[in-house]
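Generate the whole structure from the sequences, applying the supplied hints.
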Amino acid sequence: MLRPGLLAAALALAAPAAVAQQIAPQIVGDGIPASLTGQPGDAARGRAIVANRGIGLCLLCHSGPIAEERFQGDLSPSLAGAGSRWSEGQLRLRIVDGARLNADTIMPAYYRTSGLQRVARNFDGKTILSAAQVEDVVAYLATLKD
Amino acid sequence: MKVLRLGIGLAIVFAASWALAQGMADKGATDKRRSGTQDMGEALQKMQDDDTANPGMLFVQLGGQLWGKAAGAAGKSCADCHGGAASMKGVAARYPAIPKDADAPVDLEGRINLCRTANQQAAGFPPESRELLALAAYVAHQSRGLPIAPPDDPKLVPFRLKGQDLWKVRQGQLNLSCAICHDDNAGRKLAGVTIPEAHPTGYPIYRLEWQTLGSLKRRLRNCLAGIRAEPYAYDATEYVMLDLFLMDRARGMMLESPGVRP
Chain R
1039 MLRPGLLAAA LALAAPAAVA QQIAPQIVGD GIPASLTGQP GDAARGRAIV ANRGIGLCLL
1099 CHSGPIAEER FQGDLSPSLA GAGSRWSEGQ LRLRIVDGAR LNADTIMPAY YRTSGLQRVA
1159 RNFDGKTILS AAQVEDVVAY LATLKD
Chain G
380 MKVLRLGIGL AIVFAASWAL AQGMADKGAT DKRRSGTQDM GEALQKMQDD DTANPGMLFV
440 QLGGQLWGKA AGAAGKSCAD CHGGAASMKG VAARYPAIPK DADAPVDLEG RINLCRTANQ
500 QAAGFPPESR ELLALAAYVA HQSRGLPIAP PDDPKLVPFR LKGQDLWKVR QGQLNLSCAI
560 CHDDNAGRKL AGVTIPEAHP TGYPIYRLEW QTLGSLKRRL RNCLAGIRAE PYAYDATEYV
620 MLDLFLMDRA RGMMLESPGV RP
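Just so you know, the protein sequences line up as chains R and G, in that order. Residues in the first sequence are numbered consecutively from 1039, following our numbering. Residues in the second sequence are numbered consecutively from 380, following our numbering.
Keep in mind the hints are simulated off the structure, nothing from the lab. Ideal placement from N, C-alpha and C gives every residue a C-beta, glycine not left out. Take the hints with a grain of salt, since some may be wrong.
As the list claims (entries may be wrong) - Covered stretches of chain R, as calculated for chain G (at least 3 residues, CB under 8 angstroms): (1) 1095 to 1103; (2) 1106 to 1120; (3) 1138 to 1150.
What the hints assert, rightly or not - Below, a list of computed lysine to aspartate or glutamate pairs in the EDC-like style, where the Cα atoms sit at most 20 angstroms apart: (4) G/568 with R/1126; (5) G/568 with R/1107; (6) R/1164 with G/609; (7) G/547 with R/1142.
Stated by the list, open to error - Simulated restraints, written as ranges between beta carbons of each label pair: (8) G/443 with R/1092: 35 to 45 angstroms; (9) R/1168 with G/452: 56 to 66 angstroms; (10) G/425 with R/1112: 22 to 32 angstroms; (11) R/1183 with G/571: 38 to 48 angstroms; (12) R/1103 with G/614: 43 to 53 angstroms; (13) R/1092 with G/432: 25 to 35 angstroms; (14) G/537 with R/1168: 42 to 52 angstroms; (15) R/1090 with G/533: 45 to 55 angstroms; (16) R/1159 with G/443: 36 to 46 angstroms; (17) G/537 with R/1181: 36 to 46 angstroms; (18) G/589 with R/1092: 15 to 25 angstroms; (19) R/1103 with G/630: 40 to 50 angstroms; (20) G/571 with R/1153: 52 to 62 angstroms; (21) R/1183 with G/530: 58 to 68 angstroms.
Listed below in structure tokens is the structure:
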């Protein structure tokens, strides 16, 4: 389960407007098995998000099989093969809030707004990625089999 | 028999490298700290070292002109009170410091602005203004090659400790601390960029990305923006506290102002 505050807020949002598909992330074991949007993500869009240093930011820290991006990071493991090491549910929790798996992780929580300090005004109260973007990234990572 | 010989061989190699290490220790080579200069390519290092190529030197020259120019209601120049450039030797190596009769530290720019307002009776220079950076570069240049030597003033200790707290706290939307990058991951690549150890050896620096000279404050604001944290206000004591902590962490390292950075 995510922090109660986030869950409550998400539920409050979801209750009146059933149209806006925003599903509170439900942690089961070491993953979040269900899509955050109720829909599968798009792997091609996910690749673009991962490659983009201003949106996904992943290649600041990670390297990955994205040859056109020459500048990649080495603070963390390569994303290559992530889809064979982890299930979609495990990947989803890793992106949503990796601190759930490793409290000391330096990887930002991409879908959490609580527990942060001194967030810049233009980002305050916003998650790094939207639910749909998280799903796109998960779909892309799942394709990285080797 | 073979195994034994291999064992002896290894022991000899180990002993030899240990002796080498001892020799290096004797020469004081155990200081593993690296200035950001050492993380730059050869071309940029050359640019920094060559006074005719280092764009920061133009600011040092401008600072020299301002140093001799009378200003403010007092009608006095810096030189009227301080004399020549030599009077500023070693000053930048021991800032931030607490001015006489004050109870909070100021950084070098803050000290210069104090002289502007209190001694020249002129308006303080705005942060990152050409004049303030030029005078800071002029003063700091007089300490080039000297070791960083923070003062022992016990009144500074609580401010320095606060700086250390700021260094360690996670902040911003990316929830990172200075220490995570500059202590735990220094030398690694953040995208294409080598993460430096963040020693304030070169300030003010000429940064190619800025196309101008900039202060340590501006550099810290860049790092805060990078982790999507709200930058402290320009006049916030947080910068001075971080500066105090960084100078202490770099104690004994050589000042290189004006530094060049990519």
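How the hints compare with the structure:
1. Check on the region 1095 to 1103 of chain R: 4 of its residues sit with their Cβ under 8 angstroms from a Cβ of chain G, so the three-residue criterion for coverage holds.
2. Coverage of the region 1106 to 1120 of chain R by chain G holds. Counting CB-CB distances below 8 angstroms, 6 residues qualify, and the rule asks for three or more.
3. With 3 residues carrying a beta carbon less than 8 angstroms from a beta carbon of chain G, the region 1138 to 1150 of chain R meets the three-residue requirement, and the given coverage holds.
4. Note on residue 568 of chain G and residue 1126 of chain R: the hinted pairing is violated, with a Cα-Cα distance of about 28 angstroms set against a maximum of 20 angstroms.
5. Under the criterion of a C-alpha separation no larger than 20 angstroms, the hint pairing residue 568 of chain G with residue 1107 of chain R is consistent with the structure, at around 14 angstroms.
6. About 14 angstroms separates the Cα atoms of residue 1164 of chain R and residue 609 of chain G, which keeps this hinted pair within 20 angstroms; it holds.
7. Between residue 547 of chain G and residue 1142 of chain R the alpha-carbon distance is near 13 angstroms, which keeps this suggested pair within the 20 angstroms criterion.
8. Taking 35 to 45 angstroms as the suggested C-beta distance range, the pair residue 443 of chain G and residue 1092 of chain R conforms, at roughly 41 angstroms.
9. With their beta carbons about 58 angstroms apart, residue 1168 of chain R and residue 452 of chain G fall inside the hinted range of 56 to 66 angstroms.
10. Between residue 425 of chain G and residue 1112 of chain R the C-beta distance comes to about 27 angstroms, which sits within the given range of 22 to 32 angstroms.
11. With their beta carbons about 27 angstroms apart, residue 1183 of chain R and residue 571 of chain G fall outside the hinted range of 38 to 48 angstroms.
12. Between residue 1103 of chain R and residue 614 of chain G the Cβ separation comes to about 47 angstroms, which falls inside the hinted range of 43 to 53 angstroms.
13. For residue 1092 of chain R and residue 432 of chain G, the Cβ-Cβ distance of about 33 angstroms falls inside the hinted range of 25 to 35 angstroms, so the restraint holds.
14. The hinted window of 42 to 52 angstroms between residue 537 of chain G and residue 1168 of chain R holds, with their beta carbons roughly 43 angstroms apart.
15. In this structure the hint that residue 1090 of chain R and residue 533 of chain G lie 45 to 55 angstroms apart at CB holds, the actual value being about 50 angstroms.
16. For residue 1159 of chain R and residue 443 of chain G, the hinted distance range of 36 to 46 angstroms is satisfied, since their beta carbons lie about 40 angstroms from each other.
17. Between residue 537 of chain G and residue 1181 of chain R, the C-beta spacing of about 54 angstroms breaks the proposed range 36 to 46 angstroms.
18. Distance hint for residue 589 of chain G and residue 1092 of chain R: a CB-CB separation of about 19 angstroms, consistent with the stated range 15 to 25 angstroms.
19. In this structure, residue 1103 of chain R and residue 630 of chain G meet the distance hint of 40 to 50 angstroms, their C-beta atoms being roughly 44 angstroms apart.
20. Our hint of 52 to 62 angstroms for residue 571 of chain G and residue 1153 of chain R is violated, since their Cβ atoms are close to 31 angstroms apart.
21. Distance hint check for residue 1183 of chain R and residue 530 of chain G: the Cβ-Cβ separation is about 60 angstroms, which falls inside the suggested range of 58 to 68 angstroms.
Taken one by one, the earlier hints fail for this structure at numbers 4, 11, 17, 20, listed in ascending order.
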